[in-house]
Amino acid sequence: MGGEVPEPRKMSLALSFGCGGVPEEALHLVFGYVDDPRDREAASLVCRRWHRIDALSRKHVTVGFCYAAEPARLLARFPRLESLALKGKPRASMYGLIPDDWGAYAAPWLAQLAAPLQCLKAVHLRRMTVTDEDVGVLVRARGHMLQVLKLDKCSDFSTDALRLVARSCRSLRTLFLEECAVTDKGSEWLHELAVNNSVLVTLNFYMTDLRVEPADLELLAKNCKSLISLKMSESDLSDLIGFFQASKSLQEFAGGAFSEVGECTKYEKVKFPPRLCLLGGLTFMGKDEMPFIFPYSAILKKLDLQYTLLTTEDHCQLIAKCPNLLVLEVRNVIGDRGLEVVAETCKKLRRLRIERGADEDPGQEEQGGVSQLGLTAVAVGCRELEYIAAYVSDITNGALESIGTFCKNIYDFRLVLLDKQNQITDLPLDNGVRALLRNCTKLRRFAIYLRPGGLSDVGLGYIGLYSGNIQYMLLGNVGESDSGLIQFAMGCTNLRKLELRSCCFSERALAVAVLQMPSLRYIWVQGYRASQTGQDLLLMARPYWNIEFAPPSPETANRMMADGQPCVDTYAQVLAYYSLAGRRPDCPQWLVTLHPA
Amino acid sequence: MMGREVEEPQGAAAAMAQAGRAPARDKSSFAATCSLLSQYLRDNKAGLQGLGGLAMAPAAGALRPPTTMNLLSALDAPAQEPAAAEGKDHDQRVDGNPREAAAAAGDETRQLTIFYAGKVVVFDKFPSTKVQDLLQIANAGGDAAEAPAAPNSLPDMPIARRNSLHRFLAKRKDRITAKAPYQVVNNSSVGVEAPKQTAGVEKPKPWLGLGQEVTVKQEI
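In order, the protein sequence lines correspond to chains A and B. In terms of my numbering, the first sequence is residues 2 to 598. In terms of my numbering, the second sequence is residues 86 to 305.
Fair warning: there could be bad hints in the mix.
[Unchecked claim] Derived DSBU-like pairs: lysine-lysine, alpha-carbon spacing no greater than 30 angstroms straight-line:
1. LYS258(B) - LYS226(A)
2. LYS186(A) - LYS258(B)
3. LYS267(A) - LYS258(B)
4. LYS122(A) - LYS498(A)
5. LYS223(A) - LYS258(B)
6. LYS88(A) - LYS122(A)
7. LYS272(A) - LYS226(A)
[Stated by the list, open to error] Only part of the chain A face toward chain B is listed, based on derived beta-carbon distances under 10 angstroms:
8. ARG74
9. ALA93
10. MET95
11. LEU98
12. ASP101
13. GLN422
14. TYR572
In case anyone wonders, no lab produced these hints; they're calculated from the structure. These figures come from a predicted structure and were not determined experimentally. The beta carbon of each residue, even a glycine, is placed where N, CA and C say it ideally should be.
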């Protein structure tokens, strides 16, 4: 979650020469040095000539939402694209909140673009539905030159597609399949990749259920001397001894598991390659296995302990040995004590993610749980932090103020207050939120998910008032009334993407709020005072603004899934966005598109 | 217990506090408070049945401060002095100042804290006899709220969990139930716990079993 912090924009002053006298070649040369999409966008608006030169020289485009534009339009404007990124389903799909048949089909994009975009060598599809046929279209047209293929949390394809990629794309540097739902028809794809490719740098099939042969990985390491990163599906570490011996350049690894309990001797022969400094997975690593990574801890820059079985105490012991961490990802079992060790040890830390553990596991999680104490310690101790995402059990205004005071580089801040603990020390968080927003001037993404009473209407107004630079926001369980939402909206001049969940706002207020935010191009809402028909949402109807309403499903209203979670379509959802493509043609039956009569 | 909080000016509790203090002294501010309160009530129509029994003044016309609400005056003892010269509406009250009434009846009084819609209201000396009444009212309100979901009601939705974490926790759970050797590995700690419990007051068997289970989980 959350991208890297972008480089600062290089063009701080607008180019001041006019449109007339500069030779075409000179402009082309200058444009060659302009990479930042925001600079590109600004330059393209100067005049027709600049627009044309930008269009012909643009190498990369990210389409933030696949229903916001049409492939034909993209092709007409940027015929020489080398790299294309497309995003599909709402973020909520990563939390099991979007039904599988929602859409976001890659088919029209790949069918219309793969052949005519003759310079295309990098494709990144995120949260999209991709079939074997779609991959086939891409590979047949561009396979010979494809260098990067990222299928990021995509679904609906099988290992047949991967075999085709492995056979045909011999220039492939990056193959990325993280968290894809792939139908596994055997591990031949990896064998073919190992045999046919000698230039692979990054291979990622982390968080998939793909089964592979360790021998194929070893072969891959031998053939691809430049392999720097491997993130793989869960696989016992003792099977990877040969792979690690062969991959001398490897810097990043994730996916290894300690599947045998109490068999430490089994892992004694596992030796990581010398340059390995980014480490994750380590599934089921417990106290007894932990010493296995001690020899590497001092050079580690990234450590992901989310899937381990470590206790609070184990976290303290391990992290105290990792002074060079830039990225740390854990579950809340780390506890305040663990975070105090982080604050003392990890002075260079840039990104910290504290995920949510199990609710019904008092044995382990109770000793953990993160509160204002841990967050404050980290804020004071880790001044370089750019990204914090934390699920906390308790929180105070003071802790948020500390982050505002000490973490001046925060670019992305996300806080969820868990709902298990009855008493929270200090609510509402109005003043803390205000202090954080006022002081963290680099903040571009902000998420705060509380509980009723966690943030008053006044606090919501503060977010509007002090969030001038924020482009993405997620708010959950905040505010007290519609007027809070309207106050918030009136301040959000630069907000481009908004997600709201479990708030008390009426449908009418949502519509009115949308009209107040001039930069808003995408809003997703679940949990509001929904009507059966979504009629009040029509208040926000306007040209190019698509409104899609998913009424709650009557069949699943009172049904729970096996794990006690409500069904995916229990609650009404609204998605509204700007689109040059008109209404989407592939709506599932249960989705209603709203438009004025 | 939370510290006493000064309410947001628009909050119902603030309106209650002011209304209870000195209704006759400053008519204009009282009227303003009442209109704020009535606005609050309008905004919160759906959720207020529960506390409706507290009989918060619904509109500017109804000047008679209801019994329960009047307890707020106990919060602020000095304010009682000027309030002694109250308007007739105030005099019509049947119960008089409950704080005095409670004192006269020799009732036990304790601090009462109400969390409601994100607001916190603290009553310093609340007669225990009134607590039952309050609970009854609250219970009745709760039942009403559970009636079939009316349109426009706000669903109570759990915080969603990331797919990757969800899968891991499910796997871990399977592993705990599947891996019998665990209990052998952690034999020592279970062994220490179990005799302690049996040595103490005789515990019923199921309790013992539960204790062991928790210990096992802790070790993982």
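Next pair to validate is LYS223(A) with LYS258(B); report whether the Cα-Cα distance is within 30 angstroms. violated (38 angstroms)
Mind checking the alpha carbons of LYS122(A) and LYS498(A) for me, to see if they're no more than 30 angstroms apart? holds (29 angstroms)
CA of LYS258(B) to CA of LYS226(A), is that 30 angstroms or under? violated (39 angstroms)
Restraint outcome when ASP101(A) is required to lie within 10 angstroms of chain B by C-beta distance: Hint violated; ASP101(A) Cβ to chain B Cβ min 12 angstroms, cut 10 angstroms.
Go through the hint on GLN422(A) and say holds or violated, using the shortest Cβ distance to chain B against 10 angstroms. The hint is violated - GLN422(A) has no Cβ within 10 angstroms of chain B, the shortest such distance being about 13 angstroms.
Against chain B, with CB atoms and a cut of 10 angstroms, does the hint on MET95(A) hold up? Cβ of MET95(A) sits 6 angstroms from chain B, so the hint holds.
Does the alpha-carbon distance linking LYS88(A) and LYS122(A) stay inside the 30 angstroms limit? It holds: about 18 angstroms lies between the C-alpha atoms, which stays within 30 angstroms.
Compare the distance between the alpha carbons of LYS272(A) and LYS226(A) with 30 angstroms, and conclude whether the hinted pair is satisfied. holds (18 angstroms)
Tell me if the interface restraint on TYR572(A) is satisfied: Cβ within less than 10 angstroms of some Cβ in chain B. holds (5 angstroms)
Tell me if the interface restraint on ARG74(A) is satisfied: Cβ within less than 10 angstroms of some Cβ in chain B. violated (33 angstroms)
Chain B contact restraint on ALA93(A) - CB to CB distance below 10 angstroms: holds (7 angstroms)
With chain B as the partner, please determine if LEU98(A) meets the hint condition of a C-beta pair closer than 10 angstroms. holds (6 angstroms)
In terms of the numbered hints stated before, the structure departs from hints 1, 5, 8, 12, 13, listed from lowest to highest.
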